[in-house]
Amino acid sequence: VLVQQVWYRAGSMDEITGMTGIAHVLEHMMFKGTKSVPQGEFSKRIAAAGGRENAFTSYDYTAYFQQLHKDKLALAMKLESDRMRNLVQSETEFKKEVQVVMEERRMRTDDQPHALLFEKLMAMAYQEHPYQHPIIGWMNDLNMLTVADARSWYQRWYAPNNAVLVVAGDVKAGEVFAMAQRYYGGIPSRALPERKKFSEPPQLGIKRFTVKAPAELPLLVMAYHAPTLLNPQKDVIPYALEVLAGVLDGNQSARLNKTLVRELQVASSAAAGYDGTSRGPSLFTLEGTPSEGVSVAELEAALREQITVLARDGISAQELARVKAQVTANEVYKRDSVFYQAMQIGQMESIGLSHRDIPVALAKIQAVTAQQVQEAARDILRDDNLIVAVLEPQALTGKPKR
Numbered sequence: 001v002l003v004q005q006v007w008y009r010a011g012s013m014d015e016i017t018g019m020t021g022i023a024h025v026l027e028h029m030m031f032k033g034t035k036s037v038p039q040g041e042f043s044k045r046i047a048a049a050g051g052r053e054n055a056f057t058s059y060d061y062t063a064y065f066q067q068l069h070k071d072k073l074a075l076a077m078k079l080e081s082d083r084m085r086n087l088v089q090s091e092t093e094f095k096k097e098v099q100v101v102m103e104e105r106r107m108r109t110d111d112q113p114h115a116l117l118f119e120k121l122m123a124m125a126y127q128e129h130p131y132q133h134p135i136i137g138w139m140n141d142l143n144m145l146t147v148a149d150a151r152s153w154y155q156r157w158y159a160p161n162n163a164v165l166v167v168a169g170d171v172k173a174g175e176v177f178a179m180a181q182r183y184y185g186g187i188p189s190r191a192l193p194e195r196k197k198f199s200e201p202p203q204l205g206i207k208r209f210t211v212k213a214p215a216e217l218p219l220l221v222m223a224y225h226a227p228t229l230l231n232p233q234k235d236v237i238p239y240a241l242e243v244l245a246g247v248l249d250g251n252q253s254a255r256l257n258k259t260l261v262r263e264l265q266v267a268s269s270a271a272a273g274y275d276g277t278s279r280g281p282s283l284f285t286l287e288g289t290p291s292e293g294v295s296v297a298e299l300e301a302a303l304r305e306q307i308t309v310l311a312r313d314g315i316s317a318q319e320l321a322r323v324k325a326q327v328t329a330n331e332v333y334k335r336d337s338v339f340y341q342a343m344q345i346g347q348m349e350s351i352g353l354s355h356r357d358i359p360v361a362l363a364k365i366q367a368v369t370a371q372q373v374q375e376a377a378r379d380i381l382r383d384d385n386l387i388v389a390v391l392e393p394q395a396l397t398g399k400p401k402r
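The sequence shown begins at 1 in our numbering and counts up by one.
Mixed in with the good hints there might be a few duds.
[To be verified] Listed next, the in silico DSSO-like pairs over lysine-lysine satisfying Cα-Cα at most 30 Å (straight line):
#, residue 1, residue 2
1, K35, K120
2, K35, K95
3, K70, K96
4, K212, K197
5, K196, K120
6, K172, K258
7, K32, K234
8, K364, K258
9, K172, K196
10, K72, K196
11, K207, K172
12, K120, K44
13, K258, K196
14, K44, K32
15, K172, K70
16, K197, K78
17, K120, K234
18, K172, K212
19, K44, K96
20, K70, K35
21, K72, K44
22, K172, K44
23, K197, K258
24, K95, K72
25, K72, K234
26, K78, K334
27, K78, K95
28, K196, K207
If you're looking for bench data, these hints aren't it; they were derived computationally from the structure.
The structure displayed is predicted, hence computed values, not measured ones.
Model the full assembly from the supplied sequences, consistent with the hints where possible.
Dropping the structure here:
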């Protein structure tokens, strides 16, 4: 078995105002056929070969993949390389697909209170960086997109010199490279637009907002601006933040679950999260649902107390050892999956790092000290970096008509 993935370094962060969602819509259009492969045939041919295929769009990239028997790699490469340059985009199919995406937005964001809260959180957190726009796009922008926008996006970004090809599985490297040269080597490179370097200015004080939406329970999210991994050999804070997230969350003995859920019983659930690998900046998040009879303000006070204790007292040697063992185990489990090995490689290469940084990052996390974790908590989890988002539940019936 093998997996082929093609990653284009073009995601929603590359869109311009008024055209949000075009990266994701083009992902849908990539299944609409070429001059030699009629609409619907791509998926049929992969399925007939016993494989499966799909695609996904993120802030940073758009990727396409096939999983199938190793003898069918030539088929996957032939199909994928064909649509890299020969995609047919009709106005009729584009209009249909935009409607599909708009319905997807209604179902996955507008009608999902947690997703809606996080969309508003990103829009509030980022003042200048394009992460402020949702990957799926704003509804008004989707409504205004044209097939010319999709064709322009395809011509701008879908070129071999803006793509990463990853093949993982029971294959021989020399044969894979020869096959890649055969199918992709003849596709001419194109001049890529100059990428603008986006940054986010320092936040000048705490931000707070409330989202009212039909829901059963309230939700509190505390998000802190945080850096991402730029130099895997020299950076310290991203690794320390990853360990910090593991101290707070990750299993039954992690601090948030142990203290807030089981001991104090101020939360029915609590979590922490951080992703240090992306093209842009990141957020370190704390979230929780208050227990019955507990207010959102009381839960926020309890989360703040955990931050205060961390910054003041640091973490124990046992906590540090547990998280490091947990991170190592997670890496080993990823290697059990051919697909996720390829995912790691594709993501690192697509955000400007290297697949060779994967073992470096693991070694650096193992070298994180308790003092570095404590310093990261002090430096990053500050009010000037903080956005507080609250979901205020509204009655589940009588929702306003769209």
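Okay, the hints, checked on the actual structure:
no.	hint	verdict
1	K35 <-> K120	violated, 41 Å
2	K35 <-> K95	holds, 20 Å
3	K70 <-> K96	violated, 35 Å
4	K212 <-> K197	violated, 35 Å
5	K196 <-> K120	holds, 24 Å
6	K172 <-> K258	violated, 48 Å
7	K32 <-> K234	violated, 45 Å
8	K364 <-> K258	holds, 27 Å
9	K172 <-> K196	violated, 38 Å
10	K72 <-> K196	violated, 39 Å
11	K207 <-> K172	violated, 53 Å
12	K120 <-> K44	violated, 39 Å
13	K258 <-> K196	violated, 44 Å
14	K44 <-> K32	holds, 12 Å
15	K172 <-> K70	holds, 10 Å
16	K197 <-> K78	violated, 35 Å
17	K120 <-> K234	violated, 34 Å
18	K172 <-> K212	violated, 55 Å
19	K44 <-> K96	holds, 20 Å
20	K70 <-> K35	holds, 27 Å
21	K72 <-> K44	holds, 14 Å
22	K172 <-> K44	holds, 27 Å
23	K197 <-> K258	violated, 42 Å
24	K95 <-> K72	violated, 33 Å
25	K72 <-> K234	violated, 42 Å
26	K78 <-> K334	holds, 28 Å
27	K78 <-> K95	holds, 28 Å
28	K196 <-> K207	holds, 27 Å
When held up to the earlier numbered hints, the structure conflicts with 1, 3, 4, 6, 7, 9, 10, 11, 12, 13, 16, 17, 18, 23, 24 and 25 and fits the remainder.
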